[in-house]
Amino acid sequence: MTLLEQLAIVLAGLGAGIATSSIGVASLVSFPVLIALGVPPIAASSSNTVGLVPAGVTGTLGYRRELAGRRRLVWSVVALSGLFAIAGALLLLQLPSDVFESLVPWLILFACLLVGTQPRISAYLKRRKEAATGEAAAGDRTEMTPALAAGTAACGVYGGYFGAGQGVMMVAVLAFGLDLSLAVISALRTLAVFASNVVATVIFLFIAPLQWDVIGLLAVGSIVGGWIGAQIGRHLPAGVFRALVVVAGVVVAVSYWI
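Numbering that gives the first Met the number 0 puts the first residue of the sequence shown at 0, with every later residue one more than the last.
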């Protein structure tokens, strides 16, 4: 690996760390770089997951104010994300690589679609419920519900299978299920991705193809990027957030097809 390639991976880790704590598209930054440098898709995915764990640590610390006072919700998100990431990680290692590669752009586009349409869908469902019951909507939703638990579990499976876009999907699920600020949702999203990555990492250490030079370089960049991303995530307007996610996702998905 040349010095320029090493620098590219460190910068990819930095960008992915910032993205994971701010807009939740970490692997959309780093995964394509690894593929472009010739890392095989399965090894790139597993190495990318392990290399971005430090970003979860610093990103979660950066959001500690947003997570304060929400212990039950936080632990519910962590437990569901971590537990179901086990199934996703095992699924990744059982499916043929051609199946994995063909799913990548569709999974990314689906994640972007959820984020882009969530405000309109939520508003529509709220109006429909109010029209059906003849009553105003109940108070703010701030705790885990069965529907939110199911969505969080599904995102955990997805995260263990293919990390790219998990943060985007988690934002959509949390936004559908909770009436909380974008900063709090971003904090919970960062924590959920971190939990999934930790569980997947433990499994990958034993049964996945890993490239430790790639992991180390990603970690160097991501540990700084995670903290920076959390500071950005606190102040990122919702409209800007959604636009960035959709544009990034479409560009990466199209690049796969090309």
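Check before you lean on any hint, since a few could be wrong.
Claimed, not checked - Listed next, with one range per pair, are the computed distances between beta-carbon atoms: (1) Ala149 x Gly68: 21 to 31 Å; (2) Leu6 x Arg71: 35 to 45 Å; (3) Arg127 x Ala148: 14 to 24 Å; (4) Val249 x Pro118: 15 to 25 Å; (5) Pro118 x Val253: 23 to 33 Å.
Since the hints were made in silico from the structure, they are not lab data.
All C-beta atoms in this analysis are idealised placements derived from N, C-alpha and C, irrespective of residue type, glycine included.
For this session: Determine whether the Cβ-Cβ distance between Leu6 and Arg71 falls within the hinted range of 35 to 45 Å.
Result: holds (43 Å)
Problem set entry | Pro118 and Val249 - C-beta distance against the hinted 15 to 25 Å | Holds, at about 18 Å.
For this session: Given the range 21 to 31 Å, decide if the beta-carbon distance of Ala149 to Gly68 lies inside it.
Result: Holds - the Cβ-Cβ distance for Ala149 and Gly68, about 25 Å, lies within 21 to 31 Å.
Problem set entry | Supplied distance hint 23 to 33 Å, evaluated on CB atoms of Pro118 and Val253 | holds (24 Å)
Exercise. Would you say the C-beta atoms of Arg127 and Ala148 sit inside 14 to 24 Å of each other?
Worked result: holds (23 Å)
Of the numbered hints listed earlier, not one is contradicted by the structure.
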